[in-house]
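Q: Could you put the whole structure together from the sequences, leaning on the hints where they help?
Protein chains in written order, with the working numbering: chain X, 301 to 473; chain V, -6 to 138.
It should be emphasised that the hints constitute simulated quantities derived from the structure, not laboratory data.
Be careful, since some hints might not be right.
Where chain X lies over chain V, by a calculated footprint (3+ residues, C-beta under 8 Å) [said to hold, decoys possible]: (1) 76 to 83; (2) 89 to 95.
Sample of chain X residues facing chain V (criterion: CB under 7 Å; computed from the structure) [unchecked claim]: (3) S342; (4) L371; (5) F374.
Note that the coordinates shown come from a computational prediction; the quantities given were computed from them, not determined experimentally.
Glycine residues also receive a C-beta, built at the ideal position from the N, C-alpha and C atoms.
The primary structure of each chain is shown beneath.
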Amino acid sequence: MNIDFEIIVFYALAATGVVSGAMVLIARDVVRVAFWLLSSLSAVAGLYLHLGADFLGLTQVLVYIGGILVLILFGIMMTQRDPGLVKLERKSTRSMATGVGVSLVLFLVLASVINSVGWASRRPASATPTTQDLGTALLTDYVLPFELISVLLLVVLCGAAYLARRRVEQSHA
Amino acid sequence: MGFQYANVLFGLLFGVAFVILNVAVLSRILAPRIKDPAKETTYECGEPAVGSAWVRFDMRFYTVALVFLIFEVEVAFLFPWAAVFHHFSKIGGLFAFLEVFVFVAILGVGLVYCWAKGDLEWVKSTSSGEAAVVPPAPRGELRAP
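A: Right under this line is the structure:
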């Protein structure tokens, strides 16, 4: 596997991710948006794998594609009152301007952060499985963050259940 | 780099090619073509479909999916632990066990909360206090609230 092949794989994955991400914005049918999102998230998972972050890539598949995307599809199935007919409408100029402004600010923040990090210019020469190293780190240096993640997930769980419950009661009332 | 990921890539390409070859190529060559209106139905040799497939699903699926998502993230964090637990158990695994026990126990509190609040109940009581018994759904449709 020479370097050219790796570059081809990288650009194929990156192009898939960017084009799918653009289609998420362009597509009018909300279900098609969800499936373009599937393509985009898969490409990002492929990029993680390409960078040798195997655990991160598979977690991306497990959590984002297996969980969040299914949740989005659930949301579509539960909210569409006139199914198959509802298309996303073009927003007014004002909301478009707001969206572009927020996106621009977010882009600038991300770009400055990405530029300020001293990235390794080369990938590790050998891609070894990272799961065991992560486990060792979680059991030694990162014990407290590990437990804090649990507390964070607890808060998210309670908040999500609370919000979903409120909606259920309102819809029954 | 390489050998394992080459396997993954090969498996991926093989899977895609398998589907395309069978669905798009082989079936066109081999399958006899006899038009029949029954073949156009959703379940060719099953029940006749009633209504559209685009029905609104019940909100309670969403709550269950949300709870599932949280525990899925929890499981994702347990994989690295499980991968090295055997190693740590040789050099005193009690700490490694207790750490994850606390991790799971904290999230267990959340499960108990959802359970106690009735989020996991399939038939919920409404805010008016009456039991919201699910009425018998029309055939072929899921109940919309």
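Q: Decide, hint by hint, whether the structure agrees.
A: Hints versus structure:
no.	hint	result
1	76 to 83	holds (count 5)
2	89 to 95	holds (count 3)
3	S342	violated (10 Å)
4	L371	holds (5 Å)
5	F374	holds (5 Å)
When the structure is compared with the earlier hints, a violation turns up for hint 3 alone.
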